[in-house]
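Model the full structure from these sequences, guided by the hints.
Residue numbering for the sequence shown follows my numbering, starting at 1 and increasing by one per position.
Each hint should be verified, as a subset may be incorrect.
[Said to hold, decoys possible] Here are the computed lysine-lysine pairs in the DSSO-like style, where the Cα-Cα straight-line distance is at most 30 Å: (1) Lys187 with Lys272; (2) Lys244 with Lys306; (3) Lys359 with Lys289; (4) Lys279 with Lys154; (5) Lys244 with Lys288; (6) Lys193 with Lys43; (7) Lys251 with Lys267; (8) Lys251 with Lys359; (9) Lys155 with Lys183; (10) Lys339 with Lys43; (11) Lys289 with Lys251; (12) Lys289 with Lys273; (13) Lys288 with Lys272; (14) Lys272 with Lys252; (15) Lys267 with Lys187; (16) Lys252 with Lys288; (17) Lys279 with Lys289; (18) Lys359 with Lys154; (19) Lys193 with Lys270; (20) Lys193 with Lys272; (21) Lys130 with Lys339; (22) Lys273 with Lys187; (23) Lys359 with Lys339; (24) Lys193 with Lys154; (25) Lys288 with Lys273; (26) Lys85 with Lys151; (27) Lys339 with Lys289; (28) Lys339 with Lys306; (29) Lys187 with Lys155; (30) Lys154 with Lys187; (31) Lys130 with Lys288.
In case anyone wonders, no lab produced these hints; they're calculated from the structure. None of the values given here were measured: they were computed from a predicted structure.
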Amino acid sequence: MGKKTAVHIRPATAEDLQQLISIENLCFNNDRLSQRSFKHFLKASTAQLLVSTTQDTVSGYGLVLFHRGTSLARIYSIAVHPDFKGQGLGTLMMEALESAAFEADNVFIRLEVSENNPVALQLYTNRGYKTTAQIPDYYENGDTAIRMERKLIKKVKRPAHTPYHRQSTDFTCGPSALIMAMKSQNKSISASKAQELNIWREATTIFMASGHGGTSPLGLAIAASHRGFWTELWVSGEKIPFIKTMRTEAKKEIYQIVHQEFERQIKEAKIKKHTNTLKIEHLEELYKKGCTAIVLISTYQLDREKTPHWVWVVHIDDHYVYINDPFFSEDDYETSDDKIFIPVPRVVFQRMMIYGTGKLSSAVIIRQTQPE
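Below you can see the structure in the form of structure tokens.
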């Protein structure tokens, strides 16, 4: 079928399912999307699955994922039926996926591609995608993945040094966020699992509502100070953060003792503690002085779960707050690239910075040396 014919691109429907699976099996030997995955993406509000049709036949598909509460899109997969290769369908599909991402107000669009797929690499390069990382042994067959990114808004500049550390447990988001922040200021800082767990041991609240305790804002500030950083603490709202989640008086008693000891250490270390609510404008001024920060957020804007979670704020501009999130789940079709330099609209992030009915707001500000 060398002759070019009219091509239409439209949203996929359930009636396309069998043709989608057929294209997937013809195009890929590894890392295939399953029928269950296609069914999920057909209905998902955070995905757009498009198909190209040629002479009423599905000739290809493209899948772009959006991240709730952020301005980041990711091209998860693109495929063209072998019978329709060489007709420019890949370019047309990329244009459609990028348009969908732009119309949804995304700042970046990202993707991964095998280093052994020169045709796709050339397509993405021609469309302005830049390599951001190489991940060895990423695919099932052992191929290295090339991670690429295209800016949909030209003014944004990604920092050259943006360390990432994935949390290794459900309860170490705070230490992992702090490791990223410290390493951005001092490249010699260890980003090991041992460092992550040591910080947790120093900063843990012992208990949470269930499972292992998370980390106290006070404890994280002390941990940063112990590692030689000038540190400042912002915590407002609840007098003792998270104590209302304790389900027994025995746990509350232990929690109070731990908190009181953190308060003593804060005073001993001469860490300045602010008790008013931190605004993005305050944070922005501190960043202009060379500081960086980890911030406690509610994940409701991201996943509709009211979970306290620590992130590292990488950068702030007039429109967005850019964060590194230490948590990602392969079960949700995520990779670490989905959690690096995530653009969040300022108005959305300001809402994220308030947690729970007690309106807890907290951040740990650090700098290699004290700002002037």
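> Taking 30 Å as the top limit, are the C-alpha atoms of Lys154 and Lys187 close enough?
Replying inline: 28 Å, holds
> Are the Cα atoms of Lys339 and Lys289 separated by 30 Å or less?
Replying inline: Holds: Lys339 and Lys289 sit about 25 Å apart, inside 30 Å.
>> Just to be careful, I want the Cα atoms of Lys244 and Lys306 compared with a cutoff of 30 Å; is the pair within it?
In response: 14 Å, holds
> Is the straight-line distance between the alpha-carbon of Lys289 and that of Lys273 30 Å or less?
Replying inline: 18 Å, holds
> Going straight from one Cα to the other, do Lys193 and Lys270 come out at no more than 30 Å?
Replying inline: With a Cα-Cα distance of about 29 Å, the restraint between Lys193 and Lys270 holds, given a limit of 30 Å.
>> Next pair to validate is Lys359 with Lys154; report whether the Cα-Cα distance is within 30 Å.
In response: 36 Å, violated
> Is the hinted pair Lys288 and Lys273 satisfied, with a Cα-Cα distance of at most 30 Å?
Replying inline: The hint holds at about 20 Å.
> Lys193 and Lys43: Cα distance at most 30 Å?
Replying inline: Violated, at roughly 38 Å.
>> Next pair to validate is Lys187 with Lys272; report whether the Cα-Cα distance is within 30 Å.
In response: Holds: Lys187 and Lys272 sit about 25 Å apart, inside 30 Å.
>> Just to be careful, I want the Cα atoms of Lys187 and Lys155 compared with a cutoff of 30 Å; is the pair within it?
In response: Given pair Lys187, Lys155 holds - Cα atoms ~27 Å apart, limit 30 Å.
>> Between the alpha carbons of Lys251 and Lys359, is the straight-line distance 30 Å or under?
In response: Satisfied, since the Cα-Cα distance of roughly 22 Å is no more than 30 Å.
> Is Lys267 close enough to Lys187, meaning Cα to Cα at most 30 Å?
Replying inline: Answer holds: Lys267 to Lys187 is near 28 Å, not above 30 Å.
In this structure, the hints that do not hold are numbers 5, 6, 11, 16, 18 and 24, in rising order.
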